[in-house]
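Residue numbers (the working numbering), protein chains in the order written: chain H, 1 to 401; chain S, 402 to 652; chain C, 653 to 794.
Check the hints yourself; a few may be wrong.
To be verified - Listed below are the simulated PhoX-like cross-link pairs for lysine-lysine, each with C-alpha atoms no more than 25 Å apart in a straight line:
#1 C:LYS717 / S:LYS504
#2 H:LYS81 / H:LYS158
#3 H:LYS233 / H:LYS217
#4 S:LYS568 / C:LYS756
#5 C:LYS721 / C:LYS770
#6 S:LYS573 / C:LYS717
#7 H:LYS10 / H:LYS217
#8 S:LYS464 / S:LYS534
#9 S:LYS573 / C:LYS770
#10 H:LYS233 / H:LYS304
#11 S:LYS534 / C:LYS770
#12 H:LYS10 / H:LYS158
#13 S:LYS501 / S:LYS464
#14 H:LYS217 / H:LYS81
#15 S:LYS504 / S:LYS534
#16 C:LYS721 / C:LYS680
#17 S:LYS464 / S:LYS568
#18 S:LYS573 / C:LYS721
#19 H:LYS158 / H:LYS217
#20 S:LYS568 / C:LYS721
#21 S:LYS501 / S:LYS534
Stated by the list, open to error - With the C-beta cut set under 7 Å, the calculated list includes, among others, these residues of chain S facing chain C:
#22 ALA449
#23 GLN572
#24 ARG598
Hints in this document: simulated from the structure, not taken from any laboratory. Even glycine gets a Cβ: it sits at the ideal position worked out from N, Cα and C.
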Amino acid sequence: MATITYQEMKLSPQVWMLGALMGAFIAAAAWAVWFVEHHGHIVTGMNNQTVWGLPHVFAIFLIVAASGALNVASIASVFGKTAYKPMARLSGLMAIALLAGGLAVLVLDLGRPDRILVAMTEYNFVSIFSWNIYLYTGFFAIVGAYLYVQMARGVSPKTIRILGTVAFVWRLALTTGTGSIFGWLVARTAYDAAIMAPLFIAMSFSFGLATFILVTKLLCAITGREFGPLLLKRMGNLLAVFAAAVLYFTTVQHLSNLYVAEHTVVETFILRTGGMITMLFWVAQVALGGLIPILLLFHPRLNKIPANTLIASLLIILGGFAQLYVIVVGGQAVPLDIFPGYEASSSFFDGAINSYTPTMVEWLLGLGGIALALALTGFGAVALRILPSTLSDVQTASGST
Amino acid sequence: MKLPAINFSKKPGEMNRRDFFKSGAAMATVTLAPGVTLMAFGGDANAAASSANRWGLLIDVNKCASDCTACVTACSDENGWENTGNPETDAQWIRKVDLKDNKTGYEVSLPVMCQHCDDAPCVDVCPTGASFKRTDGIVLVDKHTCIGCRYCMMACPFKARSFVHEKVTDQKSHAPRGKGTVESCTLCVHRIDVGGRPACVDACDATGHGAMVFGDLKDPESEISKMLSQYPSTALRADLGLNAGVRYQNL
Amino acid sequence: MVRLLASFLIWVALLGSCATAQTLDVPKALGDPHPEGNAFMRINHMNLMRHDRDQTMRLGNRDIKYSLKECVACHVVAGPDALPISVENERHFCRTCHEYAAVKIDCFQCHNSKPDPKVQIRLLGKVPDISELARYIEEVSE
């Protein structure tokens with residue numbers, strides 16, 4: 001029985017260059033934050049009609065992917081699949097890093113980010129946002145502890161299993177909380193639905209695993225460690241199931257909305273008349289982010305090619321961004337229906353479809369969040385024994401402990 | 402003599418019981434008759450907002466003229482928000498909405514502002530409790546605690562809230578407002594607290610239209626309560642069950 | 653290691669010696685001095701403000717001893733044109749101490765750092781001379 005060895009990632013010139021690249025994006029994001037802070041949100045594309053925009057799309061993607069990235073460790077610890085065991089530490093590290101990146105974008109987009117301490121000391125527990133603050137900080141603590149017990153000597157497998165289960169349940173609560181931010185809004189017909197929470201859970205499984213596959217492959221490529229094709233295929237099969245689940249919940253969401261008379265306007269907009277939003281929905285989200293990856297991952301001949309699993313993961317991530325853009329921005333594009341039966345018009349854009357164009361500062365902030373997540377992952381892999389020395393199929397098949 | 406329950410502020414943490422007692426604020430009142438209260442503890446009965454009142458507005462849509470924006474101008478003059486030529490980012494605490502029935506062609510116009518809901522979604526979603534409802538029913542933003550997350554703007558069914566997108570200077574001293582926080586109609590609390598009426602109501606009266614009535618919804622003898630009991634009225638998006646303090650007649 | 657520690661301590665001491673007791677040029681206020689005394693106010697003004705803001709904001713209690721409006725009105729500093737200066741100007745009353753103490757003032761992001769002309773005139777309590785009156789009328793009627 002082969003035991004797994006974990007090795008730090010060596011600081012090769014390639015790693016330094018990637019680190020510098022991430023640093024450049026983080027610096028650009030820091031500048032963007034200062035710029036918005038100094039001039040006010042007028043320099044962004046967000047306004048009183050499109051209240052949340054591109055930064056929130058990035059932030060929510062990262063947060064959702066974070067809870068999904070932890071899945072790999074959960075599959076090993078909670079569901080006992082030993083083939084996933086070597087990746088459990090990286091899974092924990094990535095979960096923390098992705099959540100940190102997402103929260104950084106979210107907090108730095110606040111109108112008063114200097115008041116983050118107020119947000120952490122004054123709570124309104126009717127608000128899911130307040131609960132989320134605890135869920136997010138608790139996630140850091142629990143996954144941190146989970147990572148610690150995996151790496152410490154002399155910890156019984158039972159402890160690891162218990163912490164892994166707690167982390168798994170906590171992440172489900174966290175993602176439910178994130179989905180409920182939208183699902184519990186009675187005011188907006190695009191959001192007010194119980195399905196938002198399960199949809200976000202499905203998205204977290206899918207986007208999280210796709211992100212994990214890509215980042216693991218990248219780290220293996222940099223360090224020259226093998227990522228076994230059979231293991232990759234196995235994860236690809238699982239990813240296909242998750243992507244199908246996302247398509248399922250999306251279908252149910254939109255079909256249900258089509259039957260609710262009040263929701264027809266927003267559905268027509270997203271599915272047919274929304275211009276760029278409609279394109280993003282059908283082409284980016286459904287086709288590129290759903291149907292094509294599922295084909296690549298399920299087709300018996302296509303899924304034997306390892307590159308296809310990676311392509312599918314990338315497409316799922318891009319489709320995921322599109323899906324969140326449609327949810328966040330598309331959902332706000334349709335005006336509130338305050339006067340049913342009337343056409344409304346006013347100086348405050350009642351009755352008008354809202355357009356939104358993100359500005360460069362918003363792109364910089366969002367990309368900076370991704371760079372922060374990747375930089376933290378890299379930093380953890382360099383400083384700690386996170387990355388297994390190999391993920392070859394021989395190693396995996398021998399039932400490593 | 403039964404003392405009604407003490408209404409503590411909704412914000413947890415900062416004001417505990419001891420602070421509240423030490424402040425000497427009006428703690429409990431006993432209502433002998435509408436509008437007449439007996440102070441059970443020290444302090445001035447009129448000093449603080451009281452749950453014996455619930456302030457509201459009644460707007461008669463028939464009396465509202467489609468080309469008149471007196472209420473909007475009065476509000477912006479009173480509270481210091483202004484039209485800088487960027488309607489997408491400018492704050493608008495109140496606006497005139499022009500409606501056209503798409504089946505019959507009937508046209509009407511009316512002012513829309515914060516509806517001061519009893520069960521306000523903006524209060525429910527605020528993570529810090531900055532969006533709160535005062536005991537007398539007025540929904541406000543405590544800008545000391547607002548972190549500018551704009552969740553309340555997502556949650557408001559009436560699009561009543563605005564975000565301040567730019568630096569503000571020369572604020573009215575009775576209506577502080579600043580960059581990075583969210584704001585909306587305050588029902589002119591600074592006027593109500595000294596026995597006045599909102600600026601929009603005064604302005605509407607001054608034009609002669611008299612479409613807006615302000616008063617205490619809990620006082621059966623007030624003009625607004627009498628009109629509400631005599632003529633049919635409706636709240637906007639009544640199906641949401643928010644029990645708004647602003648009601649519309651002839652809509 | 654010891655040399656590093658020693659040089660660090662010397663550096664700190666040098667820094668400390670730079671901060672010799674300065675006499676701050678605090679502008680005189682318009683009205684009567686606080687009965688509690690300046691020392692009390694220096695130490696507690698932030699607590700008073702924080703307590704009173706909750707009283708007014710949350711409870712609607714405007715019957716409080718010191719309102720921010722009155723603080724700003726009484727502690728007004730006139731610029732060269734005899735009009736009040738805002739917190740942007742370094743001679744603003746609050747800035748004289750806050751700059752020295754390096755404590756950021758958050759109030760004036762939302763509150764006006766200049767007094768409402770009506771409040772200020774009331775506090776002046778004296779009959780303004782013709783040119784001051786004319787200037788005030790001109791300002792108010794803009």
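*asked:* If you test the structure against every hint from before, which numbers come out violated?
replied: 1, 8, 11, 12, 15, 17, 19, 21, 24
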